[in-house]
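**Student:** What follows is the residue order along each chain.
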Amino acid sequence: GDQVEQSPSALSLHEGTGSALRCNFTTTMRAVQWFRKNSRGSLINLFYLASGTKENGRLKSAFDSKERYSTLHIRDAQLEDSGTYFCAADQGGRALIFGTGTTVSVSP
Amino acid sequence: DMKVTQMPRYLIKRMGENVLLECGQDMSHETMYWYRQDPGLGLQLIYISYDVDSNSEGDIPKGYRVSRKKREHFSLILDSAKTNQTSVYFCASSSGQNSDYTFGSGTRLLVI
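Order-wise, the sequence lines are chains A and B. Here the first sequence stands for residues 1 to 108, where the numbers follow this note's numbering. Here the second sequence stands for residues 1001 to 1112, where the numbers follow this note's numbering.
Take the hints with a grain of salt, since some may be wrong.
Cross-link-like lysine-lysine pairs, in silico, DSS-like; alpha carbons within 30 Å at most [what the hints assert, rightly or not]:
#1 B/Lys1003 to B/Lys1069
#2 A/Lys60 to B/Lys1069
#3 A/Lys54 to B/Lys1069
Here are the computed distance ranges between Cβ atoms for each label pair [claimed, not checked]:
#4 B/Lys1082 to A/Ala50: 37 to 45 Å
#5 B/Leu1011 to A/Thr28: 20 to 28 Å
#6 A/Ser107 to B/Pro1008: 44 to 52 Å
#7 B/Met1015 to A/Glu55: 46 to 54 Å
#8 B/Ile1112 to A/Ser107: 31 to 39 Å
#9 A/Glu55 to B/Lys1003: 19 to 27 Å
#10 A/Arg58 to B/Met1015: 41 to 49 Å
#11 A/Ser39 to B/Ser1099: 43 to 51 Å
#12 A/Lys66 to B/Lys1082: 41 to 49 Å
#13 B/Ile1012 to A/His14: 37 to 45 Å
#14 A/Ser12 to B/Thr1086: 36 to 44 Å
#15 A/Arg94 to B/Asn1084: 17 to 25 Å
#16 A/His14 to B/Thr1083: 33 to 41 Å
Hints were generated in silico from the structure; no laboratory data involved. Using N, Cα and C, we set each Cβ at its ideal position, and we do this for glycine too.
Could you put the whole structure together from the sequences, leaning on the hints where they help?
**Tutor:** Set out below in structure tokens:
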């Protein structure tokens, strides 16, 4: 089965509001990486976490390998936050295992 | 500026034609990857390269091959393109375990 379950698949936000994306893992992961695919199609690296939390501006991510999940919080959403967000888990194997993505739409 | 560069950004090919997607990185990373991204499927791993001439199949290698003759370049080759290979292809590199990945901007391939 799928090792990385990402939710929700789509998220609509008004400017200034916030929400969270979540990835659940079926096995213990070594680390997680979060990306945003912007309107030009580029994959932007947001965070890489082996444990704990990291914050960058209005984005904050947490990773709990024991509980097998990671979250990405967006606060005070802006129009430029729109895009598709992917989590990707590092199982310590060959390569990252990607979630199916969350399409975030921020409206005025 | 450390980055992964993919060429071309957009490509249209006819079914049966050969396709060459190129990827370069300037970080001296040993490991490079090719993924394809399709709606609802996330990114799926096609091939990994651990170093020059040290390549390994990923999860969906059928219909693809790769070439890594220099550490900084990793090519994805479709010898006879099929319409179901229409996708967005991403190249990535990493310095190995316990390190993050750097992705290229992607190549959007349309096979008609």
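**Student:** Now tell me if each hint is right for this structure.
**Tutor:** Taking the hints in turn, this is what the structure says about them:
no.: 1; hint: B/Lys1003 to B/Lys1069; in the structure: 19 Å, holds
no.: 2; hint: A/Lys60 to B/Lys1069; in the structure: 40 Å, violated
no.: 3; hint: A/Lys54 to B/Lys1069; in the structure: 37 Å, violated
no.: 4; hint: B/Lys1082 to A/Ala50: 37 to 45 Å; in the structure: 39 Å, holds
no.: 5; hint: B/Leu1011 to A/Thr28: 20 to 28 Å; in the structure: 39 Å, violated
no.: 6; hint: A/Ser107 to B/Pro1008: 44 to 52 Å; in the structure: 33 Å, violated
no.: 7; hint: B/Met1015 to A/Glu55: 46 to 54 Å; in the structure: 48 Å, holds
no.: 8; hint: B/Ile1112 to A/Ser107: 31 to 39 Å; in the structure: 35 Å, holds
no.: 9; hint: A/Glu55 to B/Lys1003: 19 to 27 Å; in the structure: 24 Å, holds
no.: 10; hint: A/Arg58 to B/Met1015: 41 to 49 Å; in the structure: 45 Å, holds
no.: 11; hint: A/Ser39 to B/Ser1099: 43 to 51 Å; in the structure: 28 Å, violated
no.: 12; hint: A/Lys66 to B/Lys1082: 41 to 49 Å; in the structure: 43 Å, holds
no.: 13; hint: B/Ile1012 to A/His14: 37 to 45 Å; in the structure: 38 Å, holds
no.: 14; hint: A/Ser12 to B/Thr1086: 36 to 44 Å; in the structure: 28 Å, violated
no.: 15; hint: A/Arg94 to B/Asn1084: 17 to 25 Å; in the structure: 24 Å, holds
no.: 16; hint: A/His14 to B/Thr1083: 33 to 41 Å; in the structure: 40 Å, holds
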